[in-house]
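Which chain is which? The protein sequence lines are A and B, in order.
When we follow my numbering, the leftmost residue of the first sequence carries the number 1, and every step to the right adds one.
When we follow my numbering, the leftmost residue of the second sequence carries the number 1, and every step to the right adds one.
Source of the hints: derived by calculation from the structure; they are not laboratory data.
Where hints are given, some of them may not hold.
Stated by the list, open to error - Here are the simulated DSS-like cross-link-like pairs (lysine-lysine), alpha carbons at most 25 Å apart as the crow flies:
#1 B:K162 with A:K207
#2 B:K5 with A:K207
#3 B:K45 with A:K5
#4 B:K45 with B:K162
#5 B:K5 with B:K134
#6 A:K206 with B:K162
#7 B:K65 with B:K5
#8 B:K124 with A:K45
#9 B:K124 with B:K65
#10 A:K134 with A:K124
#11 A:K162 with B:K207
#12 B:K134 with A:K5
#13 B:K5 with A:K5
#14 A:K206 with A:K5
#15 B:K206 with B:K162
#16 A:K65 with A:K5
#17 B:K124 with B:K136
#18 A:K45 with A:K65
#19 A:K206 with B:K45
#20 A:K206 with B:K124
#21 A:K206 with A:K45
#22 B:K162 with B:K136
#23 B:K136 with A:K45
#24 B:K162 with A:K124
#25 A:K134 with A:K162
#26 B:K206 with A:K162
#27 B:K124 with A:K5
To be verified - To spell it out: a stretch of chain B is covered by chain A in this simulated footprint if at least three of its residues, at any positions, have a beta carbon under 8 Å from a beta carbon of chain A; those stretches are:
#28 37–43
#29 85–98
Note that CB positions come from ideal geometry on N, CA and C, so glycine has one too.
Letter by letter, the chains look like this.
2 protein chains.
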Amino acid sequence: MGISKPAAERLSQLARLLEQRDAATSITSSELERITGWPSHTIRKDISALSGATEISTTSGYDPKRLAAAIREALGFTNEPTRCCVVGLGRIGSSFLDYEGFAGTTFDLCAGFDSNVNRIEILKANFPLYPAFKMKDVIPRLGITAAILCVPSEQAQQTADKLIESGIVGLVNFTPTILSVPQAIEVENVSIIDALGSLTARLAAKKTR
Amino acid sequence: MGISKPAAERLSQLARLLEQRDAATSITSSELERITGWPSHTIRKDISALSGATEISTTSGYDPKRLAAAIREALGFTNEPTRCCVVGLGRIGSSFLDYEGFAGTTFDLCAGFDSNVNRIEILKANFPLYPAFKMKDVIPRLGITAAILCVPSEQAQQTADKLIESGIVGLVNFTPTILSVPQAIEVENVSIIDALGSLTARLAAKKTR
């Protein structure tokens, strides 16, 4: 199932877009191009690679429900939710404690960790918060497989190592540190500098065209 | 200069990685594979597409200074910094006010905006914060071309529209809203749900291999 990283990112966004729209109205690739800015041929290619692609297309466009379901399947979103934790509850980390975007997704944010016990007692969350030294106990017990890493940069690698020892297989890395992880582990880096870099590169490429 | 989005993201991370290391020691593609997890042939391909690629390679690996310079050139990072602003100073937006990751980059975060005037008065920043209604005045005056969008989801589209009217050409979108923008504008979406989605898709693909 060789789905490329950019295709996976587009499909994930497409699924979110479909959730934001009226689910009864079909949508064409031209409309999707207008909304997303991606070329319609790229969108058609992404969708035609999904299983059940023929049933997704109707005479008036794509059936949004079928398209969303096919995307979920392609991205490996089973009915079983992926249990996640957030590690490091500073400004960025704590912003996930009341983030409503998880509703309706297959991601279940169910624990938070911080090395500062005072911080844990002050912060409010819909799920339990633990001192960092409990990771090795809590993560396997709650069946958590993914972690959102928001600790200070200088603690990033050692915290990642501890998370992996505790059973984490996927890391969303909000720190600027480039993590070194075993082959079986996947890391998704989220960096404002990389985002601005990618933006600037695309704007520069537009100018030279 | 058709540099693909994933290649641009890898190169941007590579530049950050080189900054974190001892600049005098050359580095091989195998070492980079070990650190980043990207296949070494992908790394070699990315680097060989850079201008001056022959001078970057030495007998003991890549020259880090030349590599970093070639990446900056390829990504369109001129000596002139890209001036940026952050719009919406809630938890995520305000986390950029004291973020140290901008140091040494070509991005100059030089203004913040929020519709809540009280919030602006309370928050501390190394650059001026303005009420949102001043965007049309401040953005052209300071030569700001990129904006980091952190407003509540329901205000995302109208705020993006106002930013574009004020002269913004690049948007890093931290809201879950899929923005509709003119062709000349570039958007980079940063979403924890998409990051987790991409992670899950890659882990699922690994399992089926």
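Now the hints, each set against the structure:
{"no.": "1", "hint": "B:K162 with A:K207", "in the structure": "holds (23 Å)"}
{"no.": "2", "hint": "B:K5 with A:K207", "in the structure": "holds (16 Å)"}
{"no.": "3", "hint": "B:K45 with A:K5", "in the structure": "holds (17 Å)"}
{"no.": "4", "hint": "B:K45 with B:K162", "in the structure": "violated (40 Å)"}
{"no.": "5", "hint": "B:K5 with B:K134", "in the structure": "violated (33 Å)"}
{"no.": "6", "hint": "A:K206 with B:K162", "in the structure": "holds (22 Å)"}
{"no.": "7", "hint": "B:K65 with B:K5", "in the structure": "holds (23 Å)"}
{"no.": "8", "hint": "B:K124 with A:K45", "in the structure": "violated (47 Å)"}
{"no.": "9", "hint": "B:K124 with B:K65", "in the structure": "violated (35 Å)"}
{"no.": "10", "hint": "A:K134 with A:K124", "in the structure": "holds (19 Å)"}
{"no.": "11", "hint": "A:K162 with B:K207", "in the structure": "holds (23 Å)"}
{"no.": "12", "hint": "B:K134 with A:K5", "in the structure": "violated (39 Å)"}
{"no.": "13", "hint": "B:K5 with A:K5", "in the structure": "holds (10 Å)"}
{"no.": "14", "hint": "A:K206 with A:K5", "in the structure": "holds (22 Å)"}
{"no.": "15", "hint": "B:K206 with B:K162", "in the structure": "violated (43 Å)"}
{"no.": "16", "hint": "A:K65 with A:K5", "in the structure": "holds (23 Å)"}
{"no.": "17", "hint": "B:K124 with B:K136", "in the structure": "holds (23 Å)"}
{"no.": "18", "hint": "A:K45 with A:K65", "in the structure": "holds (19 Å)"}
{"no.": "19", "hint": "A:K206 with B:K45", "in the structure": "holds (22 Å)"}
{"no.": "20", "hint": "A:K206 with B:K124", "in the structure": "violated (36 Å)"}
{"no.": "21", "hint": "A:K206 with A:K45", "in the structure": "holds (23 Å)"}
{"no.": "22", "hint": "B:K162 with B:K136", "in the structure": "holds (8 Å)"}
{"no.": "23", "hint": "B:K136 with A:K45", "in the structure": "violated (40 Å)"}
{"no.": "24", "hint": "B:K162 with A:K124", "in the structure": "violated (34 Å)"}
{"no.": "25", "hint": "A:K134 with A:K162", "in the structure": "holds (11 Å)"}
{"no.": "26", "hint": "B:K206 with A:K162", "in the structure": "holds (22 Å)"}
{"no.": "27", "hint": "B:K124 with A:K5", "in the structure": "violated (38 Å)"}
{"no.": "28", "hint": "37–43", "in the structure": "violated (count 1)"}
{"no.": "29", "hint": "85–98", "in the structure": "holds (count 6)"}
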